[in-house]
Each structure stands twice: as structure tokens, then as C-alpha cells.
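Colleague: Sequence:
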Amino acid sequence: MNNRNYYGNYRQDNRPESNIKKIINIIKNTKQTLFKDFISEDLYLPEGKAYQIANELTKTKTNQIRKVFSMIKEAEYKAKNKDFESGRDTLYMIVPLMAYSVSRELVDKDLFELIKVCITSEKIKSSKDIETFSKLFESIVAYTKEGRK
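For the sequence shown, my numbering puts the final residue at 347, and the numbers step up evenly by one.
What the hints contain is simulated information worked out from the structure, not anything from laboratory work. Remember, it's a predicted structure, so these values are computed and weren't measured experimentally.
Computed cross-link-like contacts, EDC-like style, restricted to lysine to aspartate or glutamate with a CA-CA straight-line distance of at most 20 Å:
hint : residue 1 : residue 2
1    : Lys265    : Glu254
2    : Lys271    : Glu329
3    : Lys314    : Glu329
Here are the simulated distance ranges between beta carbons:
hint : residue 1 : residue 2 : range
4    : Asn279    : Thr256    : 35 to 45 Å
5    : Lys280    : Ser301    : 24 to 34 Å
6    : Ile237    : Glu303    : 25 to 35 Å
7    : Lys326    : Met269    : 12 to 22 Å
8    : Asp281    : Asn217    : 32 to 42 Å
9    : Ile224    : Ser319    : 17 to 27 Å
10   : Lys280    : Lys220    : 29 to 39 Å
11   : Asn279    : Asn223    : 26 to 36 Å
12   : Asp281    : Asn253    : 31 to 41 Å
13   : Glu239    : Lys343    : 12 to 22 Å
14   : Ser319    : Pro244    : 27 to 37 Å
15   : Asn223    : Val293    : 10 to 20 Å
16   : Lys226    : Ser324    : 17 to 27 Å
Using N, Cα and C, we set each Cβ at its ideal position, and we do this for glycine too.
Make the full structure from the sequences, and use the hints.
Modeller: Structure, rendered in C-alpha cells:
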């Protein structure tokens, strides 16, 4: 499909930026860890970031969200009870899993982008960061379920 208008100029995409993309940009542009990026209101309240993310995950299959969530909980457990590096490594494994799921069209690309921005060595520096990511995803799972009723 041609991306030019009648006058030969390229069309500009005037669609508003999605909430997920706004959140991704905020996370990407801050130099803080996840523990400092998200406050309780972002994680739990209906106006928060988790709620906004969940409402836009229309293409993502519920079982894919649950699969990722179980890996995040495993990472949280390892970081608390074993050692931080083991938990962080489990989180890192989620990124290629999500890339594969996007290629099979089981997961929204925006969710993959969010995970890529959150699961980095700059954002995950302590078990508190893993715990915060777990809480974020737990709320996303809950709000996704609530939104699909």
C-alpha cells in the first residue's frame, strides 16, 4: 500500500499514541530502577499504569499472559529465597519467549516492547525490582481477566 497522499507527500499518522507506548517511553526515558518507576497507585488502582496496559492487550491470549506471569513469580521466588542472579536470569529468559510469542501472533507487540524495556540490567538491580515487576504483572493479569468478562 502506498504511503503517499495525492500530492506525493508522505502521510503522517495522526492516530493518538497508545497508553502502553506512553508508559514504555516513560520507563525508557527514566534512569531509575523499576522499584522507583512504579508507585502503588500505578500498580493497583484502576487509573494506574497496570490497568491502562491491561485494557489495551486485545490480541494477547490469556494463557500467554499466565505463562509469563508464572515465570515472573518463579523469578521473584528465586530472588527472595535463593539468590538475586538466579531470579534475574529467569526474568531474562522471558524476553526471547515473548519474541517467539509475538512472531506466532499470540501476544501484542506492545506487551513485548514493555517487557523489553522493563527487563534490562539497568531496570532490574535488586530483588525489590523483581518484586515490583511481579506486582505490575499480577495487576495486569487481574485487570485483563476483569476486562474480558
